[in-house]
Amino acid sequence: MIDRQTVDRILDAANIVDVVSDFVTLKRAGANLKGLCPFHDDRTPSFMVSPSKNICKCFACGEGGTPVHFIMKHEQLTYPDALRYLAKKYHIEINEREQTDEEKAEQSERESLFVVNEWANEWFQKQMNDTVDGRAVGLAYFRQRGFRDDIIKKFQLGFCPDKYDAQWQAAKAEGYNEDYILKTGLCIRNEQGKTYDRFRNRVIFPIHTISGKVVGFGGRVLDSRTKGVQVKYQNSPESSIYSKKRELYGLFFAKQAIVKQDLCYLVEGYTDVMAMHQQGVENVVASSGTALTHEQIRAIHRFTENITVIYDGDAAGIKASQRGIDMILAEGMNVKLLLLPDGDDPDSFARKHTATEYQQYLAEHQVDFIRFKTNLLLEEAQNDPIKLSRLVNNIVDSLAVIPDEITRTFYIKETSQMLSIEERIITAAVVKVRKRLREEKQKEREREASRQQASATTTPTAPVADVPEVTDAPPSFETTTPIDAPYIDLPPIGGTEQAVLPEEGLSTKRRSHEEEHVIQTERLLVQMLVRHGEKVMCNVEDENGEEQPLHVIEYIHLTLQDDNLQFRDPLHQRILNEAVEHAQDEDFRCTRYFENHPDEAISALSIELAHDKETLSKVHSKGGAIPPEEERLADILPHLMIDYKLAIVEETLRHIQQELRNPSTRNNREQLQRLMKEFQETKQIQKELGHQAGDRVLMKS
Numbered sequence: 045m046i047d048r049q050t051v052d053r054i055l056d057a058a059n060i061v062d063v064v065s066d067f068v069t070l071k072r073a074g075a076n077l078k079g080l081c082p083f084h085d086d087r088t089p090s091f092m093v094s095p096s097k098n099i100c101k102c103f104a105c106g107e108g109g110t111p112v113h114f115i116m117k118h119e120q121l122t123y124p125d126a127l128r129y130l131a132k133k134y135h136i137e138i139n140e141r142e143q144t145d146e147e148k149a150e151q152s153e154r155e156s157l158f159v160v161n162e163w164a165n166e167w168f169q170k171q172m173n174d175t176v177d178g179r180a181v182g183l184a185y186f187r188q189r190g191f192r193d194d195i196i197k198k199f200q201l202g203f204c205p206d207k208y209d210a211q212w213q214a215a216k217a218e219g220y221n222e223d224y225i226l227k228t229g230l231c232i233r234n235e236q237g238k239t240y241d242r243f244r245n246r247v248i249f250p251i252h253t254i255s256g257k258v259v260g261f262g263g264r265v266l267d268s269r270t271k272g273v274q275v276k277y278q279n280s281p282e283s284s285i286y287s288k289k290r291e292l293y294g295l296f297f298a299k300q301a302i303v304k305q306d307l308c309y310l311v312e313g314y315t316d317v318m319a320m321h322q323q324g325v326e327n328v329v330a331s332s333g334t335a336l337t338h339e340q341i342r343a344i345h346r347f348t349e350n351i352t353v354i355y356d357g358d359a360a361g362i363k364a365s366q367r368g369i370d371m372i373l374a375e376g377m378n379v380k381l382l383l384l385p386d387g388d389d390p391d392s393f394a395r396k397h398t399a400t401e402y403q404q405y406l407a408e409h410q411v412d413f414i415r416f417k418t419n420l421l422l423e424e425a426q427n428d429p430i431k432l433s434r435l436v437n438n439i440v441d442s443l444a445v446i447p448d449e450i451t452r453t454f455y456i457k458e459t460s461q462m463l464s465i466e467e468r469i470i471t472a473a474v475v476k477v478r479k480r481l482r483e484e485k486q487k488e489r490e491r492e493a494s495r496q497q498a499s500a501t502t503t504p505t506a507p508v509a510d511v512p513e514v515t516d517a518p519p520s521f522e523t524t525t526p527i528d529a530p531y532i533d534l535p536p537i538g539g540t541e542q543a544v545l546p547e548e549g550l551s552t553k554r555r556s557h558e559e560e561h562v563i564q565t566e567r568l569l570v571q572m573l574v575r576h577g578e579k580v581m582c583n584v585e586d587e588n589g590e591e592q593p594l595h596v597i598e599y600i601h602l603t604l605q606d607d608n609l610q611f612r613d614p615l616h617q618r619i620l621n622e623a624v625e626h627a628q629d630e631d632f633r634c635t636r637y638f639e640n641h642p643d644e645a646i647s648a649l650s651i652e653l654a655h656d657k658e659t660l661s662k663v664h665s666k667g668g669a670i671p672p673e674e675e676r677l678a679d680i681l682p683h684l685m686i687d688y689k690l691a692i693v694e695e696t697l698r699h700i701q702q703e704l705r706n707p708s709t710r711n712n713r714e715q716l717q718r719l720m721k722e723f724q725e726t727k728q729i730q731k732e733l734g735h736q737a738g739d740r741v742l743m744k745s
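Residue numbers for the sequence shown, in the numbering used here: 45 to 745.
It is possible that some hints are incorrect.
To be verified - Simulated restraints, written as ranges between beta carbons of each label pair: (1) GLU587 / ALA73: 54 to 62 Å; (2) ASP66 / ARG342: 42 to 50 Å; (3) GLY376 / ALA493: 20 to 28 Å; (4) ASP306 / ASN583: 49 to 57 Å; (5) PHE103 / GLN461: 36 to 44 Å; (6) HIS345 / LYS257: 18 to 26 Å; (7) ILE232 / SER287: 13 to 21 Å; (8) HIS345 / GLU162: 23 to 31 Å.
Claimed, not checked - Pairs of lysine-lysine residues, derived as BS3-like cross-links and limited to a Cα-Cα distance of at most 30 Å, are as follows: (9) LYS170 / LYS227; (10) LYS198 / LYS170; (11) LYS304 / LYS288; (12) LYS304 / LYS207; (13) LYS207 / LYS227.
Treat the hints as calculated values from the structure; they're not laboratory data.
From a predicted model like this one, the values you see are computed outputs, not experimental measurements.
The beta carbon of each residue, even a glycine, is placed where N, CA and C say it ideally should be.
Produce the entire structure from the sequences given, and follow the hints as far as they go.
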């Protein structure tokens with residue numbers, strides 16, 4: 045784990061112009077610099093770099109951020125790895141936190157397994173390129189399959205000789221630990237204690253992580269030996285560094301092309317990926333012959349929201365494509381399908397066509413998932429009512445997993461037109477399936493919570509993740525508020541809970557005018573927090589009559605806490621929580637911390653808030669010259685907080701009025717009286733807040 049002090053040194057040293065210039069040619073444009081955006085096919089310079097703000101932004105595709113986030117996006121690295129990248133660039137020594145003995149042992153083993161795999165990767169390549177048998181058998185095999193030497197070299201292909209323990213003996217001769225050789229799966233020890241090579245007499249496909257490390261291998265038996273062999277390919281076994289369900293073959297070579305094209309082709313096998321690279325299509329990955337997993341889909345989702353699935357044009361390929369569709373849709377991605385002519389896979393199809401023909405076919409034969417599925421199942425149903433019913437249910441199941449409401453509605457309408465079924469019928473069926481899925485998800489959460497609770501008493505705490513170090517607990521504030529008027533305990537909004545689906549949140553819920561006003565006012569408070577959180581707002585007297593500084597973070601946190609309030613937007617609340625957590629850290633600066641946050645959503649929002657040209661202070665000025673914002677925090681923040689409370693009160697009044705109009709409420713005397721009393725109390729709160737706000741607030745009758 046990188047300690048906070050080292051993180052700060054890296055952030056201080058990282059210069060946005062230096063960092064971006066390593067990848068983009070920049071030209072001066074006034075106070076800024078500009079160049080072609082590396083994240084999309086940019087023909088006119090739209091990528092701006094601001095030396096003064098130390099950020100970058102593309103005004104065409106919207107990508108950008110701080111030096112750390114530029115490296116994360118461009119090199120597809122995690123936040124800690126991006127920090128290490130910058131530390132190396134600026135020659136900053138990284139001080140990792142002290143690890144436990146168990147963590148040290150685990151880390152040592154992982155590093156050792158990577159070292160053994162790197163040696164094995166080089167050994168396989170030398171066996172194929174530098175030995176007579178390797179060239180005659182392994183290299184000849186790839187060339188016969190039509191692969192050029194540059195593709196063979198690019199994917200680091202190799203060969204394992206047809207000898208019982210050639211690699212085992214070579215590894216031991218190089219001094220590698222026997223346990224690590226066995227744990228990588230390169231060699232196998234049988235019950236009799238004899239050790240032999242796993243991949244003997246196979247051509248080798250190394251499997252890389254997203255950063256280029258070799259985590260495992262795939263070995264294919266040669267064509268002359270495939271007759272009667274059930275498993276042509278053999279992969280490395282699961283280990284502490286390799287998991288089939290997480291890895292995608294070719295992602296290391298495809299990541300930048302995927303980002304640039306904003307599209308990922310998904311195929312089945314190693315040679316399919318290589319064949320498409322040879323045809324000039326580099327934004328392609330393979331599931332390595334295994335069933336597609338959620339982990340693999342999420343790995344692709346890091347780079348793009350668009351997937352085109354290419355499967356063989358046979359019955360097995362068609363069924364495989366259907367199995368993966370719903371999983372991809374559930375991740376909120378856009379899915380298209382492409383079926384090759386019957387009998388072809390991407391590799392064999394490539395051998396029959398030129399690069400231009402191949403790319404043209406890909407562009408012209410992609411079909412939206414709903415059209416693909418509807419046409420396919422309609423053909424199978426052949427006007428059979430029972431089969432048609434199954435067809436509709438099959439499509440409804442796919443529609444129901446789409447998380448975005450607008451996308452889901454669009455597809456429901458298109459399905460209605462294609463199947464000539466009323467839209468309301470399909471909508472009702474989708475709602476029913478979504479309700480069932482939510483209930484199943486809730487039950488699973490409850491089961492998981494029970495399992496965690498049961499294991500909490502017996503399982504030690506998990507090690508801290510590899511992110512910048514933070515303090516153990518939020519600081520305790522022992523100060524008072526600068527607002528003279530007493531705090532007002534706001535009642536719950538209409539006594540009801542928000543009707544929001546667990547997975548849909550604020551971003552997709554249609555808000556009323558009052559609700560929108562609450563969020564917008566809340567955003568202004570968060571903006572002040574990001575800009576000035578660590579600054580002193582004013583001095584207040586403690587219990588002993590001594591003056592103590594009150595910081596912006598403390599004021600916002602305590603004011604909300606005293607009224608039992610939380611920010612509505614989860615992102616806003618996360619920013620506040622982390623600000624409170626780090627408030628007493630030495631040299632903590634809110635703007636720098638949140639602009640360089642590992643979470644890109646927080647970073648993007650913070651950059652937007654910190655550099656918004658519209659100033660908050662203009663709203664509260666009384667004419668004349670406007671002093672800098674930070675000089676008037678004691679004036680601006682209390683006014684913003686009153687505005688926020690007023691927005692919540694007005695929303696509460698609207699909810700109460702809605703309940704009072706309900707016929708069932710009017711027929712319930714007890715409930716009616718309770719709501720009338722609550723309405724009057726809330727109106728009184730509105731009046732008191734209005735007095736505090738002064739003539740800026742127009743009271744409503």
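Checked hints:
| no. | hint | verdict |
| --- | --- | --- |
| 1 | GLU587 / ALA73: 54 to 62 Å | holds, 56 Å |
| 2 | ASP66 / ARG342: 42 to 50 Å | violated, 28 Å |
| 3 | GLY376 / ALA493: 20 to 28 Å | holds, 25 Å |
| 4 | ASP306 / ASN583: 49 to 57 Å | holds, 53 Å |
| 5 | PHE103 / GLN461: 36 to 44 Å | holds, 37 Å |
| 6 | HIS345 / LYS257: 18 to 26 Å | holds, 21 Å |
| 7 | ILE232 / SER287: 13 to 21 Å | holds, 19 Å |
| 8 | HIS345 / GLU162: 23 to 31 Å | holds, 29 Å |
| 9 | LYS170 / LYS227 | holds, 23 Å |
| 10 | LYS198 / LYS170 | holds, 14 Å |
| 11 | LYS304 / LYS288 | holds, 27 Å |
| 12 | LYS304 / LYS207 | violated, 44 Å |
| 13 | LYS207 / LYS227 | holds, 20 Å |
Comparing the model with each earlier hint shows violations of hints 2, 12; every other hint is respected.
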